[in-house]
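Novice: Given the coordinates of chain H, work out where chain X should sit on it, guided by the hints.
Protein sequences appear in the order of chains H and X. The opening position of the first sequence corresponds to residue 1 in our numbering, with each subsequent residue numbered one higher. The opening position of the second sequence corresponds to residue 1 in our numbering, with each subsequent residue numbered one higher.
Mixed in with the good hints there might be a few duds.
[To be verified] DSS-like, lysine-lysine: derived pairs with alpha carbons at most 25 Å apart:
#1 X:Lys207 / H:Lys146
#2 X:Lys336 / X:Lys287
#3 H:Lys146 / X:Lys167
#4 X:Lys259 / X:Lys287
#5 X:Lys327 / X:Lys298
#6 X:Lys158 / X:Lys73
#7 X:Lys376 / X:Lys318
#8 X:Lys206 / H:Lys146
#9 X:Lys60 / X:Lys376
#10 X:Lys73 / X:Lys146
#11 H:Lys146 / X:Lys146
#12 X:Lys336 / X:Lys376
Quick caveat, the hints were computed from the structure, so don't treat them as lab data.
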Amino acid sequence: MNIWDIIVLQPMINVLIVLSNYLFGSFGLSIIILTVVIRLILLPLSLTQLKATRAMTTLQPRLMELQRKYARDRAKLAQEQMRMYRESGISPVGCMVPMLIQMPVWIALYQSIMLALAVNPEGLLNLSRYLYPWPVAFASLPLENKFLWLDMATGDTVLAILVGASMWVQQKMVTPHATDPRQAAQARMMLWMMPIMFTFFSLSFPSGLALYWVVSNIISIVMQYYVTGWGALALQRAGAGAGAETSRDRKLRRRIEVEGATKVQPKDTTSVPKEIPPVAPPPPPPSPPASQEKEEPEPKRSVWRFWK
Amino acid sequence: MRNKRLITKISILVVTILVLGAALSGCIQGLQPIGWSGVAISSDGTLFIGSKEGRLVSIKTADGRRQWSEPLKLPAQPGGFGCAPGSGGTAGGFGCSAETPAVAIYGTPALWNDLAFIAGYNGKVYAFVSDTLQQRWVFPREGNLKPIIGGIVLSADKIYFGGTDGKVYALDAATGDKRWEFQLSDEIWSTPAISGNTLYIGSFDKKLYALDTATGSKKWEFQTAGAVVSTPLVQDGTIYFGSLDRNLYALNESDRSVKWTFMADNWFWARPVIADSILYAPSLDNKVFLLDAKTGTKINEFDLESQVSSSPVVVDRKVVVATQDGKVYSLDRNEKRLLAIVTPNASAPLSANKGIVYVHTPDLTVHPIDVSTGAKLPTISLKKAE
Numbered sequence: 001m002n003i004w005d006i007i008v009l010q011p012m013i014n015v016l017i018v019l020s021n022y023l024f025g026s027f028g029l030s031i032i033i034l035t036v037v038i039r040l041i042l043l044p045l046s047l048t049q050l051k052a053t054r055a056m057t058t059l060q061p062r063l064m065e066l067q068r069k070y071a072r073d074r075a076k077l078a079q080e081q082m083r084m085y086r087e088s089g090i091s092p093v094g095c096m097v098p099m100l101i102q103m104p105v106w107i108a109l110y111q112s113i114m115l116a117l118a119v120n121p122e123g124l125l126n127l128s129r130y131l132y133p134w135p136v137a138f139a140s141l142p143l144e145n146k147f148l149w150l151d152m153a154t155g156d157t158v159l160a161i162l163v164g165a166s167m168w169v170q171q172k173m174v175t176p177h178a179t180d181p182r183q184a185a186q187a188r189m190m191l192w193m194m195p196i197m198f199t200f201f202s203l204s205f206p207s208g209l210a211l212y213w214v215v216s217n218i219i220s221i222v223m224q225y226y227v228t229g230w231g232a233l234a235l236q237r238a239g240a241g242a243g244a245e246t247s248r249d250r251k252l253r254r255r256i257e258v259e260g261a262t263k264v265q266p267k268d269t270t271s272v273p274k275e276i277p278p279v280a281p282p283p284p285p286p287s288p289p290a291s292q293e294k295e296e297p298e299p300k301r302s303v304w305r306f307w308k
Numbered sequence: 001m002r003n004k005r006l007i008t009k010i011s012i013l014v015v016t017i018l019v020l021g022a023a024l025s026g027c028i029q030g031l032q033p034i035g036w037s038g039v040a041i042s043s044d045g046t047l048f049i050g051s052k053e054g055r056l057v058s059i060k061t062a063d064g065r066r067q068w069s070e071p072l073k074l075p076a077q078p079g080g081f082g083c084a085p086g087s088g089g090t091a092g093g094f095g096c097s098a099e100t101p102a103v104a105i106y107g108t109p110a111l112w113n114d115l116a117f118i119a120g121y122n123g124k125v126y127a128f129v130s131d132t133l134q135q136r137w138v139f140p141r142e143g144n145l146k147p148i149i150g151g152i153v154l155s156a157d158k159i160y161f162g163g164t165d166g167k168v169y170a171l172d173a174a175t176g177d178k179r180w181e182f183q184l185s186d187e188i189w190s191t192p193a194i195s196g197n198t199l200y201i202g203s204f205d206k207k208l209y210a211l212d213t214a215t216g217s218k219k220w221e222f223q224t225a226g227a228v229v230s231t232p233l234v235q236d237g238t239i240y241f242g243s244l245d246r247n248l249y250a251l252n253e254s255d256r257s258v259k260w261t262f263m264a265d266n267w268f269w270a271r272p273v274i275a276d277s278i279l280y281a282p283s284l285d286n287k288v289f290l291l292d293a294k295t296g297t298k299i300n301e302f303d304l305e306s307q308v309s310s311s312p313v314v315v316d317r318k319v320v321v322a323t324q325d326g327k328v329y330s331l332d333r334n335e336k337r338l339l340a341i342v343t344p345n346a347s348a349p350l351s352a353n354k355g356i357v358y359v360h361t362p363d364l365t366v367h368p369i370d371v372s373t374g375a376k377l378p379t380i381s382l383k384k385a386e
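Just chain H, same shape as in the assembly:
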């Protein structure tokens, strides 16, 4: 076994097996509980990532304006961008680092489930290398493959559809509302490609793995909802409407705009445009006083338009 196996996989596999033993011998419950626990442990990182991603989108109009303004002076552009990030308290890599930290854990959980399933003799034999010398771990194997209507060793159509549907919902929530046709087409492709791919994977792989994907997607949906609301899903529900901004969106947008403006504006009012190019509406006012903002008419486009 290599270091990854010893430090990451082995503990996770043994926890899965022992959990299964205490959860009425149900490996399905064990997968659900461990997935939830790990996602809870990673919650601070996930929230950091979601918030950082959202905050980045709020800066897009200003970034675009900077790019327009300093189109011929790349050094100045970079300098101004960095200053804007610094002053608004946003790190451009803030949304990637948490994701990169979480990735190994997700992969480990995935691999642990695959190994612990031990769907054939080679799998069970291979699993024997990972077991701690705990009597409960040895005696619990092979794990019970039946869970609800599922035989977790084989693919399941219903669960595959659930994987695809939950992934589509999650993707839809984070899909930016693009005005550029090329970007819109790209977003549409991503929106459908991943759910379709994972639906096919789920048909072919053991459904124990698909169960993990469903649970993980549902947790992501819940987290996404609490950070950004229904996002593009709400827009679609309201008729894909321009201007179909939810109250949650409005509150978040105002808070970010106010926070961003108070941080940026006092130091460099000249660098923030008074007019925003049409491709990046609505224009964030450089220094909107809170009292004034209440009197402003509702913006016609939601915060999600900044995603593109």
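Specialist: Same frame as chain H, but now just chain X:
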């Protein structure tokens, strides 16, 4: 704009890596059944093996002539990316090997009169004519049982095997007609053992069962703390078998009372053998334990530094074992001797004839080794000649 593009690109890259990692690791971590058929040897020295290509292969040791049966047929499967473990295939599509899908064969062929029997992971049992490898009969004639992992044993004119559907079957060896079946409460991976008119077989339900070979009725059952996957050994009125509770059990055949138990640090996966009243029991903790067959007292142990999952064989009072890292040892009471090094991951039970031991490895090769000299004889490829 540039930052946004960068983020998009990185996101796509991350997702792609995740998906590829998921797909690839899924296919290399034991999801695909490969099979590990042992070698059956007929009275004229012909070898019969279930190959990784899903065929029964016969080899005339006298002249090296090889024959292949038609490949066992995969059950009809819905579409997908070919990684479903229930398909019985050993290779798939997306993210898997590019080889043609084949039915995995775990059990060693059984020989009787002019027939050779083999059971496949596709849930079928086949009888082939030994000389021509033409199919004589198949069970069931229509459809498929659930995957069959354990091997076939013969007694009188019947063959016996267990399936992952939890049933023990007895078929007429000549016709393939079902004589009886007996339902256990969980899957069976174990190959049965027969002594007199009693069949012994283990199950995932953590029990060893004794059934009447004539009627299939249950004589008794013995509860352990773990699933019973290994093949029992019945000798001198004692049944020896390993359980996934890490114990090796010795039961009195007459009254199923426990003579002794012996615990290792991992499972007793392979069937033990007896030589000179000493039980050689390989464990997945890399050790082979030498126990007094009558009392269970440990006489010696050899640490082979690698798991032993293939059942050993006795050749001229020496016990030959093959480890997962491809080393073949000859053991006796006091010492171990490295005989040869073959391809790793040999899990097929070893067989021997006239001082030659045969090791079937997953690379479609049989390695004959002369036990007395340790000489490696020319290997035999099981790959179907085009």
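Novice: Are the hints correct? Go through all of them and say.
Specialist: Hint check results:
{"no.": "1", "hint": "X:Lys207 / H:Lys146", "result": "holds, 20 Å"}
{"no.": "2", "hint": "X:Lys336 / X:Lys287", "result": "holds, 12 Å"}
{"no.": "3", "hint": "H:Lys146 / X:Lys167", "result": "holds, 18 Å"}
{"no.": "4", "hint": "X:Lys259 / X:Lys287", "result": "holds, 22 Å"}
{"no.": "5", "hint": "X:Lys327 / X:Lys298", "result": "holds, 24 Å"}
{"no.": "6", "hint": "X:Lys158 / X:Lys73", "result": "holds, 24 Å"}
{"no.": "7", "hint": "X:Lys376 / X:Lys318", "result": "holds, 17 Å"}
{"no.": "8", "hint": "X:Lys206 / H:Lys146", "result": "holds, 17 Å"}
{"no.": "9", "hint": "X:Lys60 / X:Lys376", "result": "holds, 18 Å"}
{"no.": "10", "hint": "X:Lys73 / X:Lys146", "result": "holds, 14 Å"}
{"no.": "11", "hint": "H:Lys146 / X:Lys146", "result": "holds, 15 Å"}
{"no.": "12", "hint": "X:Lys336 / X:Lys376", "result": "holds, 18 Å"}
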